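Using the sequences and the hints given, assemble the complete structure.
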Amino acid sequence: MNDNQQPNPVPTPTEVTKGNPFNEIIAKIKLFISPFWQRFTQTKFYTNKKIFYPIAGMFGLMFLIIILGLLFGNRKPMVVRPTPTPTPITSEVIESPTPKGDALSVIEQKLLDLKSQIDSLDIKQSRLQPPSMDFKISF
Amino acid sequence: MVKWKHGCLQNSYAPVRFWSWPPETMKTTAFKIILVVSALFLVLTNRAKAQAFDSNKAYQDYQYSLGVYQTSYSAYQASKDFYLKSPTLTLKEDARKKTLAMLRDRDQLISVYITMLRMNILGVKGLSNDEKNTIFGKLDPEVKWYQDHKSSYQDGDPLETLFTKSTEAADRYKATTQPIIYETLFNISLGTEVGIRMDHEEIYTNLKSIVDSGVASGKLDMNPFNRWFSDIDTTISQLKINDDKAKAKIVNVYGQYYSIVGSYNSGTDTLATSLTSLSELNRFLTEVLTSIKNQQ
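One line per chain: the protein sequences are S and Y, in this order.
If you count by my numbering, then the first sequence holds residues 1 to 139, one letter each, in order.
If you count by my numbering, then the second sequence holds residues 140 to 435, one letter each, in order.
Among the hints, a few may not be true.
Here are the simulated distance ranges between beta carbons [unchecked claim]: (1) Y/LEU228 to S/PHE32: 54 to 64 Å; (2) Y/GLN209 to S/PHE32: 52 to 62 Å; (3) S/ASP134 to Y/THR429: 52 to 62 Å; (4) Y/GLN199 to S/ILE51: 36 to 46 Å.
The set of hints was computed from the structure by calculation and includes no laboratory data.
The structure displayed is predicted, hence computed values, not measured ones.
The beta carbon of each residue, even a glycine, is placed where N, CA and C say it ideally should be.
And the structure:
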């Protein structure tokens with residue numbers, strides 16, 4: 001390298017971010033938090049890397065577990081008060097050599113399910129009746 | 140000289156650094172990852188909250204509110220009895236506080252109960268969107284009224300004011316809320332029954348098309364299907380007529396000459412006869428199905 005030549009300066013954040021809006025947003029966020037970050041880097045907690053890295057790694061792991069839990073976790077509702085269930089009915093699978101056999105078996109199963117629904121239907125909706133409340137409040 | 144904006148002075152040959160380590164590109168990448176993960180976290184938590192409320196959750200909320208009301212009512216009763224036996228100022232103040240708590244819990248209970256009914260209507264198959272919206276148009280103002288009424292109770296309200304406000308809720312419940320509740324309960328049953336009938340009709344349509352194609356291909360004989368279909372059509376018609384009869388009876392919950400519960404029972408008793416017809420329809424379709432299988 002020629003002695004008279006100066007090394008290329010490290011590009012400033014404004015130079016780096018030109019043309020990329022996402023990078024511009026990141027640069028603005030960096031500028032905003034840099035004073036707080038400067039102060040934080042001077043604390044004992046940050047300077048002691050033996051403490052900082054494990055704790056930062058632990059919080060990052062917890063965050064990751066929460067994210068994974070929300071993504072893949074079981075979203076079924078919590079156990080609810082037991083409600084009357086239909087009487088279980090065993091369905092017979094009747095083999096049929098005809099091409100319509102599968103469609104007829106499906107229809108047969110649907111009819112069995114509907115029979116179960118009819119038998120379990122509570123027209124009076126006893127489970128959903130209004131609560132008993134006292135409206136005569138005086139003394 | 141390259142002077143960093145926040146006073147970190149560096150010479151032009153030294154790289155301007157924001158952190159001492161790691162390199163700039165890695166920091167930017169890590170920063171981007173943190174932003175994306177944070178946004179994902181916010182979105183997923185909101186989604187998780189939105190997905191949780193269904194009819195089962197609404198029922199759980201109702202059961203919880205019922206328990207809270209029953210507890211506060213017991214406390215109110217006890218404090219009232221103590222005060223009436225020994226009418227001191229201290230016991231009166233205690234009774235006032237317990238009455239206030241109980242009245243707030245009562246309004247909350249009614250609000251949560253109506254919300255639960257709303258969630259049940261939402262899940263009923265046999266009601267059209269227009270019918271559901273009509274019901275919601277009656278339920279939603281009631282929920283709002285009891286929530287507003289609950290907010291109207293002030294911590295410093297004297298007993299007489301509490302009694303007056305309680306009477307407001309009582310009058311509202313009797314005149315407006317109760318008929319709507321019983322009409323909603325009827326519609327839940329009606330919608331469920333209509334949904335079951337519609338499922339049977341769908342199966343009936345499928346069986347008719349199977350019979351038609353079987354007759355066309357010579358595998359099936361139209362007798363006795365043509366007579367059976369006539370009986371099934373009659374049963375379906377009877378079900379629809381019965382639904383209309385039941386609907387005509389339930390409107391009496393808003394009338395002056397019939398009791399609310401009596402009108403509800405009359406409507407549901409009429410609807411209950413549809414269960415017999417539904418069972419009959421189910422049997423008829425099963426017979427058609429068996430006959431198709433036997434002929435093939």
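Evaluation of the provided hints:
no.: 1; hint: Y/LEU228 to S/PHE32: 54 to 64 Å; result: holds, 59 Å
no.: 2; hint: Y/GLN209 to S/PHE32: 52 to 62 Å; result: holds, 53 Å
no.: 3; hint: S/ASP134 to Y/THR429: 52 to 62 Å; result: holds, 56 Å
no.: 4; hint: Y/GLN199 to S/ILE51: 36 to 46 Å; result: holds, 44 Å
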